[in-house]
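K.L.:
Line by line, the protein sequences are chains Z and P. For the first sequence, this note's numbering gives the first residue as 1, with consecutive numbering after it. For the second sequence, this note's numbering gives the first residue as 1, with consecutive numbering after it.
Since the hints were made in silico from the structure, they are not lab data. Since the structure is predicted, the reported quantities are computational estimates derived from the model, not experimental observations. Heads up, some of the hints might be wrong.
Stated by the list, open to error - Simulated restraints, written as ranges between beta carbons of each label pair:
1. T292(Z) to D152(P): 47 to 55 angstroms
2. M531(P) to D358(Z): 27 to 35 angstroms
3. K217(Z) to D44(P): 41 to 49 angstroms
4. M1(P) to S142(Z): 25 to 33 angstroms
5. P320(Z) to N369(P): 54 to 62 angstroms
6. G393(P) to A412(Z): 53 to 61 angstroms
7. E28(P) to Q221(Z): 37 to 45 angstroms
As the list claims (entries may be wrong) - 27 angstroms max Cα-Cα, derived BS3-like pairs, lysine-lysine:
8. K32(P) to K387(Z)
9. K387(Z) to K576(P)
10. K408(Z) to K406(P)
11. K387(Z) to K47(P)
12. K11(Z) to K406(P)
13. K406(P) to K394(P)
14. K47(P) to K11(Z)
15. K150(Z) to K247(Z)
16. K217(Z) to K576(P)
Unchecked claim - Residues from chain P that face chain Z, not an exhaustive set, calculated with beta carbons under 7 angstroms:
17. I15
18. A23
19. T27
20. S31
21. Q34
22. R313
23. I567
24. G570
25. E572
26. L578
27. L580
28. L581
Heads up, the beta-carbon is just placed ideally off N, CA and C, and yes, glycines get one too.
Given next are the chains, with one letter for each unit.
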Amino acid sequence: MKYNSIDEANKAVIGKIVGSAPFLVDVVPAKEKIKELNEGKVLLHAGPPIKWEEMTGPMQGSCIGASLFEGWAETAEEAEQMLVNGEVTFIPCHHVNAVGPMGGITSANMPVLVVENRSEGNEAYCIMNEGIGKVLRFGAYSEEVVTRLKWMQNVLGPTISRALKLTEDGLNLNVMIAKAITMGDEFHQRNIASSLIFLKEISPYIVQLDMDAKQLKDVIQFLANTDQFFLNIAMATSKAVLDGARKIEEGTVVTAMSRNGKEFGIRISGMGDQWFTAPVNTPQGLFFTGYTQDDANPDIGDSAITETFGVGGMAMIAAPGVTRFVGAGGFQDALSTSNEMMEICIDQNSNFTIPTWDFQGACLGIDARKVVETGIEPVINTGIAHKNAGVGQVGAGTVRAPKACFEKAIEAYAEKLGLI
Amino acid sequence: MLHTIIQKNSYQDSINLMLLTNAVATTEGISKVQIMMATPANKDIFKDAGLYTEELETAESNDMAIVVDTEDAGKVEEVLEKVEQYLKDQSISGKTQAFETVRTWDRAIKTLPNANMALISVPGQYAAEEANKALDMGLHVFLFSDNIPVVDEVQLKQKAHEKGLLVMGPDCGTGIIDGVPIAFANVINKGRIGIVGASGTGIQEVTTIIDRLGEGVSHAIGTGGRDLKEPIGAITMMDGIKALENHPQTDVIVVISKPPAKEVRNQVVELLHSLSKPVVTIFLGEKPTKHEGNIYQAYTLAETAQIAVDLLRGNEIKADYNAGDFSVPYVSLKQGQTSIKGLFSGGTMASEAAVLISDSLGLGTQITNEDGYVLKRDGHEVVDLGDDKYTQGKPHPMIDPETRAKFIEKAAQDEKTAVILLDFVLGYGSHEDMASALLPSIQKAVAHAKENDRSLYVVAFVCGTENDPQDYQGHINRLQEAGIIVKNNNNEAVRTALSIVGLQVHDEQKTHEVTETPAKEFDLTVSEQIMAFVNTKPSIINVGLKSFTDAIVANGTPVVQYDWRPIAGGNERMRKILSLLK
Numbered sequence: 001m002k003y004n005s006i007d008e009a010n011k012a013v014i015g016k017i018v019g020s021a022p023f024l025v026d027v028v029p030a031k032e033k034i035k036e037l038n039e040g041k042v043l044l045h046a047g048p049p050i051k052w053e054e055m056t057g058p059m060q061g062s063c064i065g066a067s068l069f070e071g072w073a074e075t076a077e078e079a080e081q082m083l084v085n086g087e088v089t090f091i092p093c094h095h096v097n098a099v100g101p102m103g104g105i106t107s108a109n110m111p112v113l114v115v116e117n118r119s120e121g122n123e124a125y126c127i128m129n130e131g132i133g134k135v136l137r138f139g140a141y142s143e144e145v146v147t148r149l150k151w152m153q154n155v156l157g158p159t160i161s162r163a164l165k166l167t168e169d170g171l172n173l174n175v176m177i178a179k180a181i182t183m184g185d186e187f188h189q190r191n192i193a194s195s196l197i198f199l200k201e202i203s204p205y206i207v208q209l210d211m212d213a214k215q216l217k218d219v220i221q222f223l224a225n226t227d228q229f230f231l232n233i234a235m236a237t238s239k240a241v242l243d244g245a246r247k248i249e250e251g252t253v254v255t256a257m258s259r260n261g262k263e264f265g266i267r268i269s270g271m272g273d274q275w276f277t278a279p280v281n282t283p284q285g286l287f288f289t290g291y292t293q294d295d296a297n298p299d300i301g302d303s304a305i306t307e308t309f310g311v312g313g314m315a316m317i318a319a320p321g322v323t324r325f326v327g328a329g330g331f332q333d334a335l336s337t338s339n340e341m342m343e344i345c346i347d348q349n350s351n352f353t354i355p356t357w358d359f360q361g362a363c364l365g366i367d368a369r370k371v372v373e374t375g376i377e378p379v380i381n382t383g384i385a386h387k388n389a390g391v392g393q394v395g396a397g398t399v400r401a402p403k404a405c406f407e408k409a410i411e412a413y414a415e416k417l418g419l420i
Numbered sequence: 001m002l003h004t005i006i007q008k009n010s011y012q013d014s015i016n017l018m019l020l021t022n023a024v025a026t027t028e029g030i031s032k033v034q035i036m037m038a039t040p041a042n043k044d045i046f047k048d049a050g051l052y053t054e055e056l057e058t059a060e061s062n063d064m065a066i067v068v069d070t071e072d073a074g075k076v077e078e079v080l081e082k083v084e085q086y087l088k089d090q091s092i093s094g095k096t097q098a099f100e101t102v103r104t105w106d107r108a109i110k111t112l113p114n115a116n117m118a119l120i121s122v123p124g125q126y127a128a129e130e131a132n133k134a135l136d137m138g139l140h141v142f143l144f145s146d147n148i149p150v151v152d153e154v155q156l157k158q159k160a161h162e163k164g165l166l167v168m169g170p171d172c173g174t175g176i177i178d179g180v181p182i183a184f185a186n187v188i189n190k191g192r193i194g195i196v197g198a199s200g201t202g203i204q205e206v207t208t209i210i211d212r213l214g215e216g217v218s219h220a221i222g223t224g225g226r227d228l229k230e231p232i233g234a235i236t237m238m239d240g241i242k243a244l245e246n247h248p249q250t251d252v253i254v255v256i257s258k259p260p261a262k263e264v265r266n267q268v269v270e271l272l273h274s275l276s277k278p279v280v281t282i283f284l285g286e287k288p289t290k291h292e293g294n295i296y297q298a299y300t301l302a303e304t305a306q307i308a309v310d311l312l313r314g315n316e317i318k319a320d321y322n323a324g325d326f327s328v329p330y331v332s333l334k335q336g337q338t339s340i341k342g343l344f345s346g347g348t349m350a351s352e353a354a355v356l357i358s359d360s361l362g363l364g365t366q367i368t369n370e371d372g373y374v375l376k377r378d379g380h381e382v383v384d385l386g387d388d389k390y391t392q393g394k395p396h397p398m399i400d401p402e403t404r405a406k407f408i409e410k411a412a413q414d415e416k417t418a419v420i421l422l423d424f425v426l427g428y429g430s431h432e433d434m435a436s437a438l439l440p441s442i443q444k445a446v447a448h449a450k451e452n453d454r455s456l457y458v459v460a461f462v463c464g465t466e467n468d469p470q471d472y473q474g475h476i477n478r479l480q481e482a483g484i485i486v487k488n489n490n491n492e493a494v495r496t497a498l499s500i501v502g503l504q505v506h507d508e509q510k511t512h513e514v515t516e517t518p519a520k521e522f523d524l525t526v527s528e529q530i531m532a533f534v535n536t537k538p539s540i541i542n543v544g545l546k547s548f549t550d551a552i553v554a555n556g557t558p559v560v561q562y563d564w565r566p567i568a569g570g571n572e573r574m575r576k577i578l579s580l581l582k
C-alpha cells in the first residue's frame, strides 16, 4: 500500500470527495455516452448484477416499459416474452459510469444528464426524473408512461441540452447543493429547493431558445411540477464525485451503495469494482391509502449513492420537512439519526454546512470498518415501490444497508492486504 | 358511500397528510379515508384506491382533498373535527436531553473535548479494553465494572501511573469528584475532608456521617478492593493520597481500606507519615490502640467520620468515639432467643457488623467470607446480600428488596432470632424508597414471631443525607412508625443489637503517641493531569449504564453518554479483522 495506514488512505479518498468539482454540462441520449448500449438490445439496471428471472416486479415492469419505448416490441406481452427469452443483455448502471433510480432501467435512446467532475476529469450519467405517479422507474409501463418518455427524449432532453450549451461552463452543482441544503433538502426524499434552484438557473437560458411556444410552456411546466427533478442530478453528481474519489485504490471508504431489489451491494475504495452483497431489507414507512407494508417491494435503486456521498438519510437533520419518515418522530429523531450516522463517518464535508445541525458539515466518508465495529448500518431515505410491476409508488420511508455487506468488504480488504 | 371535502388553498405537506390519514383511518364506522393535496398525480392515487369523486375533479393542486367512504354521513363531521384537531396540534413534543448520546469513543471525544474522566460500567470481560482506550486518550478512569482479572488491574494501574492518570476501581461502586456523586453515591456537601477508599459503602457511611455532622467532602476517590493487595501495591491509593495532599481545598485526609497486605500497608502508612496534613485511617478488621503522629486510627466507620470532623474543627481528639449507652428498655426475650441476624445490602457495613459482633463474643476482629456470610457464630449471622452469590442474574439488594425480604422471612422463622439488623442505603443508584418496599416483609416477620409468642426486635440505620434523591427523614420516620429501632449509623445499630442480646464490645482507649523516627522522605508531587483532576470540575464520558448520568446531570456537570456495545456485536472474527485493519 502506498499509504502509511488505512486512516491515511481514507483521508486521501475523502480529500478527493471534498475537492471535487461537479458540473452539469449536458443532456444527451444515453447511447452517445455509453457505448455498450449500441451493441444490440441492452438495458442498464440498478444495483449489483441481476438476471431477468431474479428481478422483482418494478424492475421487470420497467424493462417492459423500456422495450416498448425503444420499439423492440409492440405490446407488453411481446416485450415480456422477449425478455423471458433472454434477448436483452443487462448491465448494472454502475459498470458504465451511470446510476439509475428505483429499477434504474436505462435504454439507448433515453436522455441522460451528464455530470462532469472537473477535479478528476471523469463523468457520470443518470436519466431524468419523470415526476411522480405512473412512472417507469417504479415499474409502470402504460401508454402514458411511454408517451412521457418520448416527450422527454424529443423535447425536454434537447431543450435542457441546448440551454446548458448557452451557459459558460455548465451549472456548478456544489454551489446548488450547498444552497439547497440550507433550504431543507437532503437530496433523496426532498429535492424541492434544489429543483427550484435548478429551474431558477436554467430558465433564463431556456427562454432564450428559439422554440415552439407550446413546447416551451410544457418544459417549464414540467420542471415546475417536478419536485424531485434534482434527485437524478444529485445522483449523477454523487456518482461522479465518488468515482473520482475511488481512484485512490486503497482504504475502507464506501464508494457505492446500491440495490437491485434482491441484493444490496456496496463497494469500498480499497477493493475497486468488486461488489459486496447481502439480501436487501424492505423499507419501512408511510403508505398511500389502500396499501400496506405487505405491498412494499424490497429495497431497490441506485439512489443510495446520495447517502454514500453523505446526503439523503445521512443528512436527515437538514430536511425537517421529511423528518417524520424516521418512524413517527420529529426533529429530535432526525437529529439523532444524523448524529448516529456521524459515528460511522470519517469526517464532515465543510462544503455543505447544515444550519439545523449548528452548521456542521454533511457526513463525509462512510468507513466500512466503523459500520462493522458499531453495528450501525447506514440509513437510506427511499421511495417505496409496489412489489408488482406497473402499480408504481405506494409510499416512502427509510431502510438500512445490511451490515453483512460491510463485513464481507473489510474481510476481503484484509485478505488483499495479506493480513489474514 | 363516498363523501368529499375540499379545503381550498390549504396546503399541507404530503408526509403530514399521510400521517393524518393514518390517524383518521382509525375512526370507527368509516371503511376508508384518504387525505391528499388534489394534484393530478394524487387524483390518480384516489382513483386507484377507489375513492375518486366528481368533486375531486374540480379540485386544484393547492386544495386539500378528503374523501371518506362511510355509510354514516354523521361520521364525516367527526372526521373533519379530527383533521382540524390534528393540523392544529402538529408539533411533536421534542424531548430534549441534557446530554448527547454517542456510540463511539471518537464521537464521545468530539462531543466533549474537555472530558477528563471516563466512568466505565461495561461487562467485566470488556472493561479492561475500554479502560485502556480511555487511558490512551488521556482520561482518568472510574471503573465501576467488576470481574476484572488482577493481572489486568495491575496493567491498567501501572499504565495509568506512568501516564499520570488515576484508575479508580475496578469494582468501584462509589465516588465523589468535586462534589459530584459518581455511580452509587450520596449527595454530600462540599467541604474540606478528602477521602481515598477501597470500599463502596464504607465511603458512603463515612461521607454521610460527615455531612450530617455539618461538614463536607472535597473528593472521595475509590481505589477498588484489591488496591492494597500485593500485586497492585496501592498504586491508586498512593497517587490519591498525594493528590489530596496537594489539593488546597482538602485539610483532612481519610483513608479507608479493606484488610491490606502487610508490606503494602506499611508502605502506605509510611507515606501518610510524610504528609503535612492530618490523616484518619481505618483498616477494616483492625482494632487500633493508639494514634501516631499525624495518623489517627479509627475502629469503626462512624469513628472515622467523627475524628475527621473534630480534626477539621480543631477539637481535641477523644480516646474513643465508639462506646456509649445503647441499651433498649424493657427487653423481653424467650429462653433461647439469643441471636442477631444482620441482613445487609452494603458489603462494608456487613463486614463492620461482623467485626463488632465477633469482637463482643471475644473471638477477635478477623472475619472471613463464606458464600456472603461474613459471620456465622453461635447462631449469629451477618450476610452481605450484595455478594456475587446473591446477585447472579438478580439486581443488587440496594435496588431490589426481594432477596432481603426472603432472608427476613427466614430469620423470623428461626426461634433463636432475637434481632434483625438492617441497613438502608440511600443515594443515587439506590431504590427510591426501600423503607416502604421492605416494611411489609418486616411487619409480617414481627407478626409471625408474635403469633409464636416471641418478641422480635428490628434494628436499622439509614445511610443517607438530607440532600439525597430519597427522603432521608421520611425513611427514618416510616421505619420508626413501624416500631423499628432506628439508630444514627451502623456502629450504633450493631451495638444496640448487641445490647438486646446482652453482649457488649470492649473498646480501647487510644493514646496519642508522637512518632519518634523521622518520617521517610517521599516525592509527594503528582502529575499535572492529577492536579487538574482534583482542582477542576470533572467532565465525564459515561461508558455504559445510562442511569449514572442522573447524578452527573443533576450537578450541572458536563457528560456525554456512550451507549457502549461489544465491538462488532461480539462477533470474534470481525473483531479480529478490525484489529488488523487499524
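K.L.:
All hints are to be evaluated individually against the structure, with a verdict given for each.
P.N.:
Taking the hints in turn, this is what the structure says about them:
no.: 1; hint: T292(Z) to D152(P): 47 to 55 angstroms; result: holds (53 angstroms)
no.: 2; hint: M531(P) to D358(Z): 27 to 35 angstroms; result: holds (33 angstroms)
no.: 3; hint: K217(Z) to D44(P): 41 to 49 angstroms; result: violated (22 angstroms)
no.: 4; hint: M1(P) to S142(Z): 25 to 33 angstroms; result: holds (30 angstroms)
no.: 5; hint: P320(Z) to N369(P): 54 to 62 angstroms; result: holds (59 angstroms)
no.: 6; hint: G393(P) to A412(Z): 53 to 61 angstroms; result: violated (41 angstroms)
no.: 7; hint: E28(P) to Q221(Z): 37 to 45 angstroms; result: holds (43 angstroms)
no.: 8; hint: K32(P) to K387(Z); result: holds (22 angstroms)
no.: 9; hint: K387(Z) to K576(P); result: violated (40 angstroms)
no.: 10; hint: K408(Z) to K406(P); result: violated (52 angstroms)
no.: 11; hint: K387(Z) to K47(P); result: holds (19 angstroms)
no.: 12; hint: K11(Z) to K406(P); result: violated (61 angstroms)
no.: 13; hint: K406(P) to K394(P); result: holds (14 angstroms)
no.: 14; hint: K47(P) to K11(Z); result: violated (52 angstroms)
no.: 15; hint: K150(Z) to K247(Z); result: violated (37 angstroms)
no.: 16; hint: K217(Z) to K576(P); result: violated (62 angstroms)
no.: 17; hint: I15; result: holds (5 angstroms)
no.: 18; hint: A23; result: violated (10 angstroms)
no.: 19; hint: T27; result: violated (13 angstroms)
no.: 20; hint: S31; result: violated (11 angstroms)
no.: 21; hint: Q34; result: holds (4 angstroms)
no.: 22; hint: R313; result: violated (50 angstroms)
no.: 23; hint: I567; result: holds (5 angstroms)
no.: 24; hint: G570; result: violated (10 angstroms)
no.: 25; hint: E572; result: violated (12 angstroms)
no.: 26; hint: L578; result: holds (6 angstroms)
no.: 27; hint: L580; result: holds (4 angstroms)
no.: 28; hint: L581; result: holds (6 angstroms)
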